[in-house]
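Participant: Kindly generate the complete structure, drawing on both the sequences and the hints.
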Amino acid sequence: EAEGVTPVLTPTPGQQELRQVAQEVWKKYGESPSLVTVDGWRLPPIDILDNVPEVEFGQADNMQRARLIEEALASYGVAAKVVQINAGPTVTQFGVEPGWDRKIKEFKERDKDGNIKVRQEEVSKTRVKVERITSLANDLALALAAPSIRIEAPVPGKSMVGIEVPNTIYGLVSLRGVIETSAFQKIKSKTRLSLALGKGAGGESVAADLSRMPHLLIAGATGSGKTVCLNSIICCLLMHTSPNDVRLIMIDPKRVEMTPFNSIP
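The numbering of the sequence shown is the numbering used here, which starts it at 176 and goes up by one.
Worth flagging that the hints you see were computed from the coordinates, not collected in a lab. Model, not experiment: these values are computed from the prediction. Be aware that one or more of the hints could be misleading.
Taking lysine-lysine and the DSS-like style, the derived pairs with C-alpha atoms no more than 30 Å apart in a straight line are [as the list claims (entries may be wrong)]:
#, residue 1, residue 2
1, LYS278, LYS256
2, LYS401, LYS365
3, LYS280, LYS256
4, LYS363, LYS304
5, LYS333, LYS287
6, LYS280, LYS292
7, LYS333, LYS292
8, LYS202, LYS363
9, LYS365, LYS278
10, LYS365, LYS333
11, LYS202, LYS256
12, LYS300, LYS280
13, LYS361, LYS401
14, LYS278, LYS292
15, LYS300, LYS283
16, LYS278, LYS304
17, LYS256, LYS292
18, LYS333, LYS256
19, LYS333, LYS300
20, LYS287, LYS304
21, LYS278, LYS300
22, LYS333, LYS304
23, LYS304, LYS280
Facilitator: Next comes the structure, spelled out in structure tokens:
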């Protein structure tokens with residue numbers, strides 16, 4: 176490098192795209208009085224995120240699948256009833272309440288005319304074992320014409336077994352849709368490090384407080400959404416905190432996933 180010559184730093188394509196987006200956002204929202212200012216920094220408005228409409232799942236289709244679950248279990252001698260249906264973006268969870276195994280004893284008696292009459296009396300009843308439901312996972316998938324199902328036994332905090340069946344139509348989960356929910360806003364009111372993570376199997380919004388996580392590991396198979404989850408976490412921090420609140424060190428050995436966030440204050 177020659178003495179007295181100032182090197183010229185050429186911005187990467189990711190940096191150029193980021194600057195272009197920032198300029199467009201500033202032109203549209205820069206003078207808006209609704210922008211939130213924290214420590215002298217103007218935070219990005221929620222309007223820059225896409226507002227994706229939720230997919231409406233057919234109630235009749237879910238009711239039919241609930242009936243198929245009950246009939247399939249009954250055909251194997253398992254008494255159970257679907258008591259709850261929670262439609263999520265990719266799967267629908269059917270809450271199944273185990274029934275009762277009843278033992279009936281017959282008593283033969285003669286009436287005053289000498290005729291024999293049979294009287295049935297319930298002598299005992301026990302709740303159907305959860306293992307009898309979980310062991311029928313493949314048979315239930317066959318009855319529902321599903322590639323596979325997942326059984327959660329029991330559902331945490333509830334006295335029922337959750338049978339998760341893939342939806343025929345997948346719903347798109349948007350970051351804005353989760354941020355605007357009461358679950359996220361409740362956490363946001365308590366901490367600045369609030370994270371919108373997505374939606375659960377039952378369609379409920381999932382949010383978390385990063386300050387209560389001493390460690391966080393995101394794992395999964397290829398294409399399962401690890402990078403999308405990381406991007407959502409970083410975007411949440413950028414939209415609700417200033418550089419005075421959060422400092423991040425991003426290590427990206429391949430220089431592929433994290434490059435769009437380079438040059439962010």
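Participant: Would you mind confirming whether the straight-line C-alpha gap from LYS202 to LYS256 stays at or under 30 Å?
Facilitator: This hinted pair is violated, its Cα atoms lying about 57 Å apart.
Participant: Does LYS287 lie within 30 Å of LYS333 when you go C-alpha to C-alpha?
Facilitator: violated, 52 Å
Participant: Starting from LYS365, check that the Cα of LYS278 is at most 30 Å away, please.
Facilitator: Outside the cut-off at roughly 54 Å; violated.
Participant: Regarding the pair LYS365 and LYS333, is the alpha-carbon distance no greater than 30 Å?
Facilitator: holds, 28 Å
Participant: Would the pair LYS333 and LYS300 pass a check requiring their Cα atoms to be no farther apart than 30 Å?
Facilitator: Cα-Cα ~21 Å, so holds.
Participant: Going straight from one Cα to the other, do LYS333 and LYS304 come out at no more than 30 Å?
Facilitator: Status holds; Cα separation ~16 Å.
Participant: So if I understand the rule, the pair passes when the alpha-carbon distance is 30 Å or less; does LYS278 with LYS256 pass?
Facilitator: holds, 19 Å
Participant: Quickly compare the C-alpha distance for LYS280 and LYS256 to 30 Å and report which way the hint goes.
Facilitator: holds, 25 Å
Participant: For a C-alpha distance cap of 30 Å, please report whether LYS278 and LYS292 respect it.
Facilitator: holds, 20 Å
Participant: Keeping to a limit of 30 Å between CA atoms, is the pair of LYS333 and LYS292 held or broken?
Facilitator: violated, 44 Å
Participant: Take the C-alpha atoms of LYS202 and LYS363, compute the straight-line distance between them, and say whether it is at most 30 Å.
Facilitator: Given pair LYS202, LYS363 holds - Cα atoms ~28 Å apart, limit 30 Å.
Participant: Going straight from one Cα to the other, do LYS256 and LYS292 come out at no more than 30 Å?
Facilitator: violated, 33 Å
The structure does not agree with the numbered hints 4, 5, 7, 9, 11, 17 and 20 stated previously, though it agrees with the rest.
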